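Engineer: Combine both chains into one complex, guided by the hints.
Residue numbers (the numbering used here), protein chains in the order written: chain Z, 62 to 167; chain S, -17 to 157.
Since the hints were made in silico from the structure, they are not lab data.
Some hints here could point you the wrong way.
The calculated label-pair distances, taken between Cβ atoms and stated as ranges, are [unchecked claim]:
1) Leu150(Z) to Ile136(S): 23 to 31 Å
2) Leu64(S) to Arg154(Z): 18 to 26 Å
3) Phe87(S) to Asp116(Z): 25 to 33 Å
If you're wondering where the values come from, they're calculated on a predicted model, not measured in any experiment.
Note that CB positions come from ideal geometry on N, CA and C, so glycine has one too.
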Amino acid sequence: MITLGDYLIVSGILFAIGFAGVMLRRNIITILMALELMLNAANLSLVAFSRFHVDPSGVPNYNAQVFVFFIITVAAAEVAVGLAIVVALFRLRQTTHVEDISSLKF
Amino acid sequence: MSPFLFWVFSLMMLIFGGAVIINRNPVASALSLVVSFLALAALFISLDAFFIGIIQVLVYAGAIMVLFLFIIMLLDLRAEELRKINWIATAGGVAVALALTVQIFSVVGSFQAARQPFPPLARHVLSGAEGSTSDDVHHIGLLLFGSYTLPFQIIGIVILVATIGVVMLSRRETR
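Chain S with its partners taken away, still in its complex shape (with noise of 0.2 Å):
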């Protein structure tokens, strides 16, 4: 992927991040998060992660983001009023915040391997490239049904218990 297309998706999924905490109207604030998380996948399908980056607009974008969408409609959410901002607590959200980032540049400076480009990938993993054998989402079929069975099938599980306790959640009580 050319350098050009990096930043601007990088730019593109940072500013509507930023946007997602700036907005006071939370439908606004989802839309941008829709817009940040297409930019994301953007930024896998770069990293040749084809199948994380179709899962990311097919369960995020799409599933993930229709039922904040749904929940904020529900409860017929408006704008948030201005209230008092506490400048104490305010201040030290983003101190914090800044700290982290630079901790996070410090690192990332003193990493020797961080500055190497990415090693060239074998022809046969390359999605559509002529000569394609095995792409990706058939080394990370073999991994989740082979090495990784036991938490593919524990994964199948939290995801019953999570849908049995939102039924329960939700439920209205009747006496």
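In isolation and in its complexed conformation, chain Z is listed as follows (with noise of 0.2 Å):
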């Protein structure tokens, strides 16, 4: 039998799967890559709670599943942005990777 614990947990090992891949990976695009998957995570946590908050008449609760729907269309506007600076910092500096961009380093 597949509990809400089961998928609690693999979104988790998702969540430190992206968390990992944004300490460890210095090309912007991976690093990006790897925040959608954390807010993948966080979408599959949301959408498990959604399903086991049964109401009384045998409803599930669908305030999770409109909030995962703005999640979504929040990550493609992020996404869109994001990219668009990786191609204008690409121009400038011909570049792609974390370390070679320091200009705000301390």
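Structural biologist: Structure, rendered in structure tokens:
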């Protein structure tokens, strides 16, 4: 029998993978992809809680799914802006490697 | 959904998610991410969230990943050459990620409700079931255009602002 905890643990591991990607990778595009993994891990746990929270008439709590809809929309906008910044940066510096971009480094 | 399918799709999602951050070639990373998102869509459908599953395939696996691949090919990125690895930073990153995993395991382990199975749904909310009168698209639509009208309008403005921002960012300087 699959329980809520199984979904939460899978979602937590996916979040940790995305987090490790953001910490370890040095390519901006890969870092953006790892960010998407973390957003999706949050979505999975929201949908799992939505399915778990069934009211007495047998209807799941759809508020969480509306939030997932909003998260997906914001993620799409975030990716569009992020990739536009990467393109602008690449035009200026010819690199997508974070260690080559250190003008703001203390 | 049978436990077997749950574990198949979870493992698929986690293995390809790991492949995203292990691959050195950005195109291979992006394609692994597509497979990971498709497995995640299958998990959403296993939770009876059909609308979210379809949105996941259309928006993430379709639109967002095409955008990623388009940019990778536009910039003509090759596989990263190996650089000198900063071992202290790498060990720190792995340690923080592992600590996060351990913490999540302990929180879920001490959470009583997490051990109960999912309660059954009423027949009328299951899409495709006999006598289905109001599936999840119906309920989500009512919420979006009912209690969440203002956030829905704001999200529209966010997308408009993002579109204008992208056009401004990718414009060439002309003088």
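Engineer: Next, verify each hint and record whether it holds.
Structural biologist: So, going through the hints one by one against the coordinates:
1. Leu150(Z) to Ile136(S): 23 to 31 Å: Hint holds: Cβ distance 29 Å, inside 23 to 31 Å.
2. Leu64(S) to Arg154(Z): 18 to 26 Å: 21 Å, holds
3. Phe87(S) to Asp116(Z): 25 to 33 Å: For Asp116(Z) against Phe87(S), whose Cβ atoms are near 30 Å apart, the range 25 to 33 Å holds.
Going down the numbered hints, you'll see the structure goes against none, and every one checks out.
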